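**Student:** Based on these hints, arrange chain B on the given structure of chain A.
2 protein chains.
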Amino acid sequence: MKFRYLFIAALILNSSCFAQDSLMFRKIADEILLRGNCYDNLHVLCKTIGHRISGSPEAAKAVEWGEKTMQQTGADKVWLQAVDVPRWVRGYENLQLQYGKGKYKTVKMLSLGNSVGTNGKSLTAEVIMVKSFDELNSLPAEKVKGKIVFFDYRFRQDFVNTFPGYGDAVKYRGYGPSAAAQKGAVAIIIRSMSTGADDVPHTGSTHYVDSIKAIPAVALGNFSADTLETACNSGTVHARLESNCRMLPESVRSYNVIGEIEGTEHPDDIIVVGGHLDSWDVGEGAHDDGSGCVQSMEVLRTIKALGIHPKCTIRAVLFMNEENGLKGGLAYADSAKAHNEKHILAIETDAGGFSPRGIGLEMPDKQKEKICYFRKLFLPYGVYDFEEKEGGADISPLAKQHVPLAGLLPDSQRYFDIHHTNNDVFEAVNHRELELGAVTLTQLVYLVSEYDLK
Amino acid sequence: MKFRYLFIAALILNSSCFAQDSLMFRKIADEILLRGNCYDNLHVLCKTIGHRISGSPEAAKAVEWGEKTMQQTGADKVWLQAVDVPRWVRGYENLQLQYGKGKYKTVKMLSLGNSVGTNGKSLTAEVIMVKSFDELNSLPAEKVKGKIVFFDYRFRQDFVNTFPGYGDAVKYRGYGPSAAAQKGAVAIIIRSMSTGADDVPHTGSTHYVDSIKAIPAVALGNFSADTLETACNSGTVHARLESNCRMLPESVRSYNVIGEIEGTEHPDDIIVVGGHLDSWDVGEGAHDDGSGCVQSMEVLRTIKALGIHPKCTIRAVLFMNEENGLKGGLAYADSAKAHNEKHILAIETDAGGFSPRGIGLEMPDKQKEKICYFRKLFLPYGVYDFEEKEGGADISPLAKQHVPLAGLLPDSQRYFDIHHTNNDVFEAVNHRELELGAVTLTQLVYLVSEYDLK
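Keeping their order, the protein sequence lines are chains A and B. Reminder that position 39 of the first sequence reads as 100 in the working numbering, one-by-one numbering, no gaps. Reminder that position 341 of the second sequence reads as 402 in the working numbering, one-by-one numbering, no gaps.
Just chain A, same shape as in the assembly (with noise of 0.2 Å):
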């Protein structure tokens, strides 16, 4: 049913149209919260894999292990789709802060992602402390040379919303190093992207400017920063760095897992639903993302095992590369640019996995507003905000091609707490929440398959 006359009839039958599909809302959560198998699944890929950096070994089984899982959600037809992948590794690395005459002591710390090191060797200078780019801009450059600069900018903790909070500070670990290197620093340590009232450091990916010097970067958890923080204010601080971090020079043949029902009235409408399947190379990927692998991959597997015949082909999707190149988003838009492949909606689910609270529409407004139409049939699953326009990087690509995205929107309260960490591993997932992700994007794509939203 098109929409136009779906809107028709809705004005008529209301009530008994919403009620039809909030039997199926229900009969959508009822599957997932009483048989669901997602929760299992990201047991096994956190357990039995852990965490899984682009090229590594870890990540290689993580695609067997995706193949395989998608097989088993009964999907129609389940491909690997190449992507060719950077590699960075990380190896020893030690930071130590001397405070004044004091001894050099070490510190809970993480080069950031794609950071260069030090070469084994020994990297020892003062610490200058800088609360901003504008305030490293205002120095002269004999105050900075040399020097390791410490970006010292709290996360926002007054955003309700802890994703502005992250976008805000985030600047300081892409671009510091280029930043500082720039009035001829020789590293930077960063305050850690997060909001925990802990000292737990973050990686994360940085990125150098081409022309400016390559420079190691490092995170400190918020308490050895606040330490860190303290002792610049007081006197003078050194550091010694030494890492072994490094991108190696090939890149490294990887995979997105894609798996496919097809449409039974409008096979080439495709719906795509997707996390990726690449995480950092600390903790095991839990919320970031296992999460969304497995709620992707759920959404197939409920619409088969509730005997959905759906009138779009739906794909779900484990991107790889997310967190240190995008080449698996990238290439999956290539690939349906030269497939002429016709996405009516891309969905990602990257933002943990917790309760969910909305879906976020990147696309225009009369799409927007089909989607909208429905909203009150999330209402008793807690989805209630449909009012950001967020979508995800791994769908991003598309949107050259006019797809319309939507996100997933967990709660965020936790989420920069563990993202990019040793602690975001299973036993951060709640199951009730895991599940719960997975009932709402299921619920959408049901909804965008029947009445063909475009």
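Certain hints may be false.
One copy or two, either will do: identical chains are not told apart, so a pair holds if it fits within one copy or between any two.
Stated by the list, open to error - Each computed SDA-like pair below joins lysine to any residue, with the alpha-carbon atoms no more than 20 Å apart: (1) K372 / G324; (2) K437 / E449; (3) K437 / E448; (4) K88 / F220; (5) K88 / N222; (6) K429 / E128; (7) K88 / R307; (8) K204 / E290; (9) K204 / W126; (10) K164 / N294; (11) K192 / H104; (12) K88 / D219; (13) K437 / V221.
These are calculated hints, taken from the structure and not from any lab test. These numbers were taken from a predicted model, which means no experiment stands behind them.
**Tutor:** Chain B in isolation, oriented as in the chain A frame:
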């Protein structure tokens, strides 16, 4: 400003009126998210006192801590309200199960609160499993007599909000012992009131019907209950219980802790916000209900810190003995009646320190509408649900005096994983989630005081 004037004004000045309140909502959020101390207070309560069952030395310490912490909020007046509470003690307890002719093996368990014990003796009997009261009642008495009844009723996971699931299952904890004893059983084992995919037993209060023999009652975690279910389905099971829990004959003098900021225009109109200070004798009572206590005090601190001079009197109450007697809530209501106090709203926060999602309103529609008129102010803080009729246990005795009741409704997904268990510890509380609950409470108190929504 009375509501009817406000309403007329609002028709004309709707946006500017909301804009002012919206600004105050933002100030409240900034104060708590950036300078709040409820998380630190919770840390002190959990780590220096820990669990604090009514009548225990720890509960007495918690009263002292509560009084001191209440004073630190800057409250105009702080006092203790005497309450005589029951004193239940656990002591050593051990449950062993024997499957078929195998060895007796100890399983993880907790006696239910208020339960009688075996007086240190060993009670051994065959286990008979029933799925429901109906099944129990359909059995001939001779099949139950002398046996230990295993109530194998599962917490329903298909409810999206977990509280109805708890309400559905908890009757087996509350009335299981008397129902079984009436048929001649000598003890009961229940499957915990738990959403957990784990083996964590949950305690919580049971009640004995006066005319029926009181028999011991214990709870198993879900995994142990699964094992016992399988064993009961396939053969004979015996249990050996030894427990020393008992209700002491004498009640103990304890206290509600009360703090107050006097209203500037309507000092006789009281708004009360509270949680309960007692907990079960396991874990640290962090979510249940240390969170509610520190949030309630945070309301007073924030009002003082922002220099708000509330029109009505604002009270924070740390109620004693919610878990096994409600003596604190009853004493507070009795005192309110005796002193002819006029409560215009009573708010409870006793559903965990999780992300706030709504405010339950247990009051006539007319008053409900007055609060709901402002609902869009709460939306940027993730609070969207005003549909539940939900106050709280401690404030429920005020209902007889026709006091409108409200309850903070946090996200409910994780609560019944840890409720009444050894896992209800400080580390299970996220600082931002806890703080956002305090934000919602302060915003609500501010609105009701400002617009005198009676």
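**Student:** The structure should be examined with respect to each hint, and the outcome stated for every one.
**Tutor:** Results of checking the hints against the structure:
1. Taking the closest pair of Cα atoms, K372 and G324 come within 20 Å of each other only inside a single copy of the chain (5 Å); across copies the shortest separation is 62 Å, beyond that limit.
2. Taking the closest pair of Cα atoms, K437 and E449 come within 20 Å of each other both inside a single copy (17 Å) and across two copies (16 Å).
3. In the homo-oligomer, the alpha carbons of K437 and E448 lie at most 20 Å apart both inside one protomer (14 Å) and across protomers (13 Å), since each shortest distance falls under that limit.
4. Only between protomers do K88 and F220 lie at most 20 Å apart by alpha-carbon distance; the minimum there is 12 Å, versus 36 Å within a single protomer.
5. Within a single copy, K88 and N222 get their C-alpha atoms only as close as 31 Å, which misses the 20 Å cut-off; across copies the closest is 16 Å, which meets it.
6. Taking the closest pair of Cα atoms, K429 and E128 never come within 20 Å of each other, the shortest separation being 33 Å inside a single copy and 53 Å across copies.
7. Neither within a single protomer nor between protomers do K88 and R307 lie at most 20 Å apart by alpha-carbon distance, with minima of 49 Å and 46 Å respectively.
8. In this assembly of identical chains, K204 and E290 lie within 20 Å of each other by CA distance solely inside one copy; the values are 18 Å within and 72 Å between copies.
9. Taking CA atoms no more than 20 Å apart as the test, K204 paired with W126 passes in neither setting, with 52 Å inside one copy and 50 Å between copies.
10. Only within a single protomer do K164 and N294 lie at most 20 Å apart by alpha-carbon distance; the minimum there is 18 Å, versus 66 Å between protomers.
11. With identical chains, the CA atoms of K192 and H104 are never at most 20 Å apart, being 40 Å at best within one copy and 30 Å at best between copies.
12. In this homomeric assembly, K88 and D219 come within 20 Å of each other (Cα to Cα) only across copies, at 10 Å, whereas the closest approach inside a single copy is 39 Å.
13. When the C-alpha separation of K437 and V221 is checked against a cutoff of 20 Å, the pair qualifies only between copies, where the shortest distance is 15 Å, while the shortest distance within a copy is 23 Å.
When each numbered hint is compared with the structure, violations occur for hints 6, 7, 9 and 11.
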